[in-house]
Amino acid sequence: MAKEDIELIKNGKRLDGRKFDELREIKIEVGVLSRAMGSAYIEWGKNKVIAAVYGPRELHPKYLRDPRRAHLRCIYNLAPFSVEDRKRPGPDRRSVEISKVSSDALSSVVMLEKYPNTVIDIFIEILQADAGTRCAGLNAASVALADAGIPMRDIVSSCAAGKVNGEIVLDLMKEEDNLGECDLPVAIIPRKKEVVLLQMDGKLTREEFKKAYELAVDGAMRVYKMQKEALISSVNDVIIGE
Amino acid sequence: MEIEACLRKDYITNLVREGKRLDGRRFDEYRNIEIEKNYVGEKACGSALVRLGETKVLVGVSLNVGEPYPDAPEEGVMTVSAELRPMASPSFEAGPPGEEAIEVARVVDRGIRESGAIEMEKLFIEEGKVWIVFVDIHVLDQEGNMIDASGIASIAALLNTRMPRYEDDQIIRGEWSGKLPISCVPVPCTSVKIDDSILIDPSLDEEYAMDARLTVVTTDTINAMQKGGQGALKEDEILSAIDLSFDKGNEIRKLIQGP
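Protein sequence lines, in the order shown, are assigned to chains A and B.
If you count by numbering that gives the first Met the number 0, then the first sequence holds residues 0 to 241, one letter each, in order.
If you count by numbering that gives the first Met the number 0, then the second sequence holds residues 0 to 258, one letter each, in order.
Careful, some of the hints might be misleading.
Listed next, the in silico SDA-like pairs over lysine to any residue satisfying Cα-Cα at most 25 Å (straight line) [said to hold, decoys possible]: (1) A/K99 x B/D140; (2) A/K210 x B/T218; (3) A/K210 x B/S239; (4) B/K233 x A/M225; (5) A/K202 x B/D242; (6) A/K202 x B/E250; (7) A/K113 x B/T12; (8) A/K99 x B/G230; (9) A/K192 x B/S196; (10) A/K99 x B/E92; (11) A/K202 x B/C183; (12) A/K210 x B/R112; (13) A/K192 x B/E234; (14) B/K178 x B/N249; (15) B/K55 x A/R92.
Simulated from the structure, these hints should not be mistaken for laboratory data.
Work out the full structure, taking the sequences as your base and the hints as a guide.
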């Protein structure tokens, strides 16, 4: 069956009943692990993701040490049971690429210059995957960094948009990602609305790109609010003693 | 640490501030591109060597018969791999592909796959048997912008790839039956941001000096994008990189297709 034949949109609604510019349900929890310096859990639709931060700490091997700044190392890992067809454990090409672009994105906000010669490790563990895991992972990672008390210029907020049955829509779920025409994950620094991660595959004209891009940025701004709320309530919990 | 590159970073940035580049190019100007098709034409099914300034990338294409993916049982399979050979740069090491090589391969892969350049449905042989197209990128000399050089070399190699003869369930090596069916020519164009300016086709020094990088692969639409680097990009910078990529992509496409 050709991709275009599958009806992902019926009567202006998507498979799960969402409108074109509607996010899936998102829940963020701060400080979910006990050993890590900072951690966060995010539930985003059917995605379930934990992020943890260790460091700044000693960097091995030594030759990677940078006397000007800390080295930020983000590892994205898909658990074998996170997808229907078991994923072979260990890094594959996709996770290596996502780790790299996520490291770059987070490096733009963390004040690495404060901790020369060290490493800040961020681990993103995808426990259940349903499209949009790199965005969910980055959002959790930013919250975990804040939870660890690592100085940052801003947080990173991320969301994807895409094209499904010819329509530009926000936050693709698995079926839409698999059968849709395009996926465009974007991560921004919300205060400046500047882009620190952008990937795209599929088919988009320049005009469609602009529309999808603006939708994704808008989605990321909404996620930003939730990240802030989660962080504030985690601090309140400590103060109130809950 | 790449001390030299760090020192040159300020110099490059100051030049850009004055509207200049170290090698005298305009901001929207590529280095000289030479494409030599069939560079290793005796054994491989297809190949091309691309010189982008001093950057040299050789791509070889091999075809084999294998099983299709279960979700596309009547289509061929393509895989793109990249090797940054240690001869290409003092910072490359022997061994399995690192994150840089994987990124190059995956961006090139996405451009070719999403544009539908290879007519996969024509690579069906019989139930459970399809052609598998291996695109192997060999970076031989890294003087900047490996992604564009690799992408140009890959599609140039695919355009002159021959199909091996296949008879009685066997590939007859050295005999050919037609060409690999290609429907369009996706071209990656990479821009970098240095001091709030957008420059296309970064040299190695410019890559060290850049804040961020954006690759846009185009045909008549955008087919793939990849942002790189630790800096941030504004919306208008992204849009101007897209416009530049469409323009330059058209010029390079003519070069790839040849006279």
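- Among the hints numbered above, which are violated by the structure, and what are their numbers in rising order? Per hint list: zero violations.
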